[in-house]
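Respectively, the protein sequence lines represent chains A and B.
Here my numbering is used: the first residue of the first sequence is 244, the next is one more, and so on.
Here my numbering is used: the first residue of the second sequence is 18, the next is one more, and so on.
Some clues are possibly wrong.
With a cut-off of at most 20 Å between alpha-carbon atoms, the simulated EDC-like pairs for lysine to aspartate or glutamate come out as follows [to be verified]: (1) A/K270 / A/E251; (2) A/K301 / A/E251; (3) B/K180 / A/E350; (4) B/K196 / A/E340; (5) B/K196 / A/E350; (6) B/K196 / A/E357; (7) A/K301 / A/D327; (8) B/K180 / B/D190.
Residues on chain B that point at chain A, a partial pick, calculated with CB under 7 Å [as the list claims (entries may be wrong)]: (9) I47; (10) G48; (11) D194; (12) C204.
Simulated from the structure, these hints should not be mistaken for laboratory data.
The C-beta atom is built at its ideal place from N, Cα and C for all residues, glycine as well.
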Amino acid sequence: MPDGSAREFTFYMEAKSIVTRPSGGQKLNAPGFHEISGIAWSGRGKVRRVDVSVDDGKSWQQAQLQEPVLTRALTRFRLPWHWDGQSAVIQSRAIDETGYVQPTLAELLAVRGENYFYHNNAIWPWRIAADGEVTNANA
Amino acid sequence: MRTRELHIAMLAAVALACATSAQAQSPYGIGRPATPAEIAGWNIDIDREGHNLPPGSGTVSHGHEVFDQQCAACHGAKGEGGVGDRLVGGQATLATPNPIRTVGSYWPNASTLFDYIRRAMPQNAPQSLSNDDVYAVSAYVLNLNGLLPADAALDASTLRAVKMPNRGMFVGDTRPDVKNPACMTGC
């Protein structure tokens with residue numbers, strides 16, 4: 244941690260999610276309908292909700308969860324999306340049954356500093372270029 | 018930390034061994050109970066207080082010899098690191114942007130040193146050192162970090178008595194440590 248202290252080993256992974264389609268290395272072949280899909284999970288119980296943003300985090304909409312939603316299990320989410328062919332940043336945010344909200348990378352860094360690397364459950368944004376190429380938006 | 022992950026893997030293995038012996042008459046008709054000797058071979062974990070440290074002892078000077086032969090190729094002649102992790106120095110760097118985590122600067126318990134060296138080192142032949150040699154190398158690594166005098170010897174009770182400088186800097190799990198407001202619009 245920034246003050247020189249260190250956390251003892253723990254197992255719990257808090258709520259996390261990631262968009263798996265479209266995701267890094269993939270390419271959208273044309274503007275139009277694309278279903279955004281990904282997985283969410285939490286070490287502290289069931290996934291209650293997943294929000295998806297397609298405008299670089301300015302606004303979020305609730306995704307649909309695929310049943311069954313089981314405790315500490317990968318939960319598939321999906322959101323229909325019309326890609327207008329402009330560059331975009333898409334990302335997902337999981338909320339679990341404890342009410343915990345998956346944090347941004349900036350929020351994690353502010354608390355844990357840059358030398359903490361366990362339990363990284365930060366929101367992971369993908370950048371979609373105008374040609375459809377999908378890359379890591381944090382890079 | 019790698020040490021702890023290894024610890025857990027070994028505990029799991031021991032638990033499995035115990036489960037096997039509890040199910041002597043397995044409905045699947047396979048396996049047999051592990052013998053006490055077999056379990057003893059796996060049951061080598063040492064906790065932070067140093068319970069279960071075996072008999073034996075070793076001096077800093079003998080540890081120096083063993084280190085030169087078995088460890089220096091990867092960890093450097095003075096534990097400065099190389100292919101293997103750096104073992105020495107780094108004190109007062111943990112609160113800086115580039116913390117150097119070594120045995121001396123970071124590890125909270127000296128007993129872990131014995132456990133880890135015995136269990137995993139040298140990497141090309143783990144568990145090949147005698148307990149005396151492990152005590153000796155542990156003593157030498159502590160000496161390189163200024164935590165034992167050059168004429169010291171280490172055994173179970175003296176190893177338990179070593180106070181690691183970073184001992185008090187480990188904290189429990191403080192999560193949840195972030196609060197994302199889950200803004201929906203105009204974020």
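To see whether the hints hold, each was checked on the structure:
no. : hint            : result
1   : A/K270 / A/E251 : violated, 41 Å
2   : A/K301 / A/E251 : violated, 36 Å
3   : B/K180 / A/E350 : violated, 35 Å
4   : B/K196 / A/E340 : holds, 15 Å
5   : B/K196 / A/E350 : holds, 8 Å
6   : B/K196 / A/E357 : holds, 18 Å
7   : A/K301 / A/D327 : holds, 17 Å
8   : B/K180 / B/D190 : violated, 23 Å
9   : I47             : violated, 30 Å
10  : G48             : violated, 28 Å
11  : D194            : holds, 5 Å
12  : C204            : holds, 5 Å
Of the numbered hints listed earlier, those contradicted by the structure are 1, 2, 3, 8, 9, 10.
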